[in-house]
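Participant: Spelled out, the chains give:
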Amino acid sequence: MIWKTAAVAVGEGLLVLILPLVLMSVINRMKARFAGRTGPPWLQPFYDVIKLLRKGSVYSRTTTWVFRAGPVISLAALATAATMVPVVSNRCLLGFQGDVIVVVYLLALARMFTMLAALDTGSSFEGMGAAREATFGMMAEPALFMSMLVLILSTGSLQLGTMVGAGLSAEWATVGSAMVLTSAALLIVLLTESCRIPVDDPNTHLELTMIHEVMVLDHSGPDLAFITYGAALKFTLLGSFLVHSIFPHPDWALHLLIPLRVCEFIALALVVGVIESTMARLRLVKIPQLLAGATVLSGLAVVLVLSRRGA
Amino acid sequence: MTLQSTVDGLLVLVLLLDLAMLGASRLMTCVRLFALQSFVLALLPACAELLHGERPGTHAIFIGVAAIVLKVGVIPWLVARIIRTGEVHREVEPFIGFTTSMVLGALLIVGSFVFAGRLPETSHPFSSNLVPVALSTLFVGLLILVSRMKAVTQVIGYLVLENGIYLVGLLLVRQTPLLVELGILLDVFVGVFIMAIVVYRIREEFDHMDTHLLDELKETQG
Amino acid sequence: MNWLLASGGLLLAASAICALLRRQPRAALRLGMGAAVGACAMALVPALQVLLSDAQPAMESVELPLGHFRLKLDLLGAWFVLTICITSAAAAVHSLGYVDPQRDATWSYASVFCLLLCSLLGLVCSSDAVLFLVFWETMLLGAFFLVGFHDRDPETRRAAWVYLVANHIGTAFFVLPMFAVLWLKSGSTRFEDFSGFAATPVVFLLALLGFGTKAGLIPLHIWLPIAHPLAPAPVSAILSGVMVKMGVYGLVRVISWSPQLPRWCAVTLIVAGAFSGLLGVLYAVAQHDLKRLLAFHTVENVGIIILGLGVGLLGRSLGQPVLECAGFAGALLHVLNHSLFKGLLFLSAGALIHSTGTTMIDRLGGLSRAGRLHSSLFLIGALAICGLPPFNGFVSEWLIYGSLAGCAVRGTAVASALSIVGFVALAAMGGLAIACFAKAFGAIFLGVPRDPAVRPHRVPAMMLAPMALLALLCVVIGLAAGPAAALAVKVSRGMGVSAGVSLRDLLPPSQLMLTGGLFLGAVVLLGALRALLGRAPAGRVDTWGCGYSRPTARMQYTATSFAWSLVSSNREILLTERHVEPPLGVLPAAAGRVHSHTPDASFDGLFAPLFAALRRLFRMMQTLTWSGEPAVAHAHIEVGHRASLRRLLGAVRRRGIHISITYIILVLVALFVIEAVRHSGARTEPPPAGGARP
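Protein chains in written order, with our numbering: chain A, 1 to 311; chain B, 1 to 222; chain C, 1 to 694.
These aren't lab readings, by the way, just hints derived from the structure by calculation.
This structure is a prediction, so every number in the text was calculated from the model and none was measured.
Quick reminder that beta carbons are idealized off the backbone N, C-alpha and C, glycines included.
Be aware that a few hints might be false.
Sample of chain C residues at the chain B side, in silico, Cβ under 10 angstroms [as the list claims (entries may be wrong)]:
no., residue
1, 411
2, 414
3, 417
4, 569
5, 572
6, 574
7, 597
8, 658
9, 659
10, 665
11, 669
12, 673
The following block holds chain A by itself, in its conformation from the complex (with noise of 0.2 angstroms):
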């Protein structure tokens, strides 16, 4: 019995660490389908990781061993908080009260030290971009957690593996708009802190239109692909958030829920995938307005849920 739960929880850990190349995949062949090409191979990101992996690292001169630590305890820093979001189940590895916001801000010294090591290298588009994430980080911190708010109200609860599960389901029958706004300000969270259109453009390196790619410019190697697979890790845990709200699932048994989570995940790649290419970036001025109107949103969702408390 008990190496049957073992081979399960080991099964859908190693689900869990590719699940975020897939939906990289999914993205950039949903992107290059609009633009009338193929696109890459499905699994060009695991190429491109192993490819990084394998190569030497080139160093600036003026980088210290900031620069060298950013990538590892970034990705570590991520990798500890996917043991306590639930992706592809309703279960996580470590679970517990007050989690939730273990994992925010785990999320949010992986970006410190990505940011560290960004003004390590002494070069102005580097610091550009650390300026443009510490500002555009900053404003998405309140929207992120009025929308956990709305989670935490609904189903009293502070642990993660509980507040996404079968305790929505009841919120959506009675205060549907509230989900559904909740939903819409962890979408535009999701699209800020994973650095997608329409904030920030993946495929550009212009230094004006970027924030994440301008901040990793400098890395090379298994750097880089620790970054990159760092990057697809965060989107995938916020999109497990978005997911998780959006489709609360009871406990059915494992070989249902598992390939309908994977198969939600997907969805919300081809989603993304469609915004990207349908949708141009905004002007840097107008992010703090998008996220401005994300916490406005999610905050409406609160007023809606303690309305219909008190009522």
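Position chains B and C against the provided structure of chain A, taking the given hints into account.
Facilitator: Chains B and C in isolation, oriented as in the chain A frame:
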């Protein structure tokens, strides 16, 4: 999705359109959002009757149709005409910045929800969100009126204010005689018509439509 | 208790001897600082005894003509003694390297330092109002002399005076009357007799305003960013790390005397804490001087502590002991945590001054190469102050978050709304702190040096050792979250939380330790993987500049540019002034200049005009009795005030139509609200909505 939750959803959509109008930076966007909001509001009397378990009466249908014709068709067309003939820069120029207006609007909405919870319950509205949404639309209309520089946006603010008052009137949809509703709609129409003419005259006379510059009427000769 | 008296005696003796050792500055310094460290170690013994075991609080009592000399070391006092001793000992050792015996009057530094430490220890142990006030006074005077230590600089002298005047206003107008009220009501000056009399609005407000001035709540914080940057670095560490906590201590004592405070007290504390925290960190982002930045961060962290106290009180008024416990425990733990990491950061700033001579962020850069240990220790302090796991700042903020979320879920509508505001404010503060310290650490230690005139020297080990100790404690408390939280819970019992309340129902700190361990394990694993994968690097080259062939150090992003997008989006709150002289012409001969300055709005808008008006009043009184020419108009004081009034009138005149419409609307809304509130009692009235037109 039950009818009740649909009606709740429509009211939340009205709130979202309020906020969107506060954040919109192009004049035509504001007008279109107003048209959409009026359309949603025109559907509400019929939904109210459905919720009370009966078929929508002639009163509700007539109000809905009149509102659609006037507030979704004629008035936005009038305002769009003002914009096209009058405006060089078709951008909203606010005093207090879009983000600040949106945050203020959100605060007003929260205030309306808090406040509506304290009002006495008399006429049993068909949705518990109706009074807060009505109050917020009112306040947001006032905010648009006060915080924008161009005359056209003040017209739009007045129209949103009217939408809020209409929502409050929905509380009394059975009691209000048809003639009164028609009177209100006519009021709105005439008001906007007069404002259109005045704006056109201002533009002709002064070559701009910023009302805050109207303070400085100076003697140019002598 | 004997240990405490012994340490007090040691400090007084050392202070007296140092005052005599004018001719031997080095000996005076060593004696003074050594005595300080020894006294701290001695005072820690009874404090740890009270905290770790269930020993009864010790008591000493001597009768004096006015009031009693009563010392009592209970749980709360012991916690604050712990806070004082660790940071003061670190600052004392650091002073050995910082204070220069050739240049400064070392004997006065050592003597006053010992006196200050003695009064601090006496303050948290005193159990009598008069004794409390005596120690409070000596603390203020001692700090005055230490803040003005570099008294050849007129700015420093002014800072010392501002410090003294601001704190004395707080004491004279608020703290003294509060104790007077308590004495009148209870008939005695003993702290035990105050319980039960303190739960009145008057006492609470006086305590908030008086102790809030000492703690640095906005808008009473104005002396903080003036005094802390100009004091010597070890003294700044004590000021920020320990002395503002004395204000918090006063507030905590008042709360512990009042078992049932009305709900609005909790509301006031939460609102004041959130407001103070947000504004403090916003101001911090806009600063160019490292020490001023750190001073504003102190304001922010005091806001967090007050927020924690407020949510604890809210939990108490909701009848939820777990929430109350979490809130108070979080606030108390943050008191200790903040003294540790703020002390570390200020001592780093001192080391920075020692090695480079300046704390202006935009002139520094690339110091990580000059001092690797120094930069690592600053990084630990920066990560701890941002509240990032696995350091200690995160543990206390996590407890406060948990309490806020609990109040939001289980509270009434108003309590919910307030906790939500506090929750989001705390989140925003965290994001801003990350931006601020990324800017500070990145601009000072990373990159390349910006100003060739700044040549860093080596930082002596005497300065690095206490910093290392503080950093180690930050890490240890962060990783050992379970025991630390349990200790804080135990101390919160001194504030009235009932025994037997365990945090496990709300937030399990032991699981946090597991997470911390997991994170470190992941770092080690990935680092090993990285080391295995990385062959010898393919070479060291210059930073890729996207095609620029000759990047210079001046092309780096400066700290001001880093913070500019945040500052400019909040320009209405910060009122930053920016002067730009762009380079002129197609091939400019000279570089352009950008200069930005963020005034302290409370000072320029509130207190400076107030003091200017007072000065004019006194001058007027003076001229009334002086037969001669009237006093020369001192326009330079009033220009700021008059100009702003003129600007305001001009703005009103220009926007006349909108102002009048706004006025009409506000009057109508006010009438509306008043009518509705009046009628809300009678449930049969129709709603007086604005649509009653037909």
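Participant: Does the structure break any of the earlier hints, and which numbers would those be?
Facilitator: 1, 6, 7
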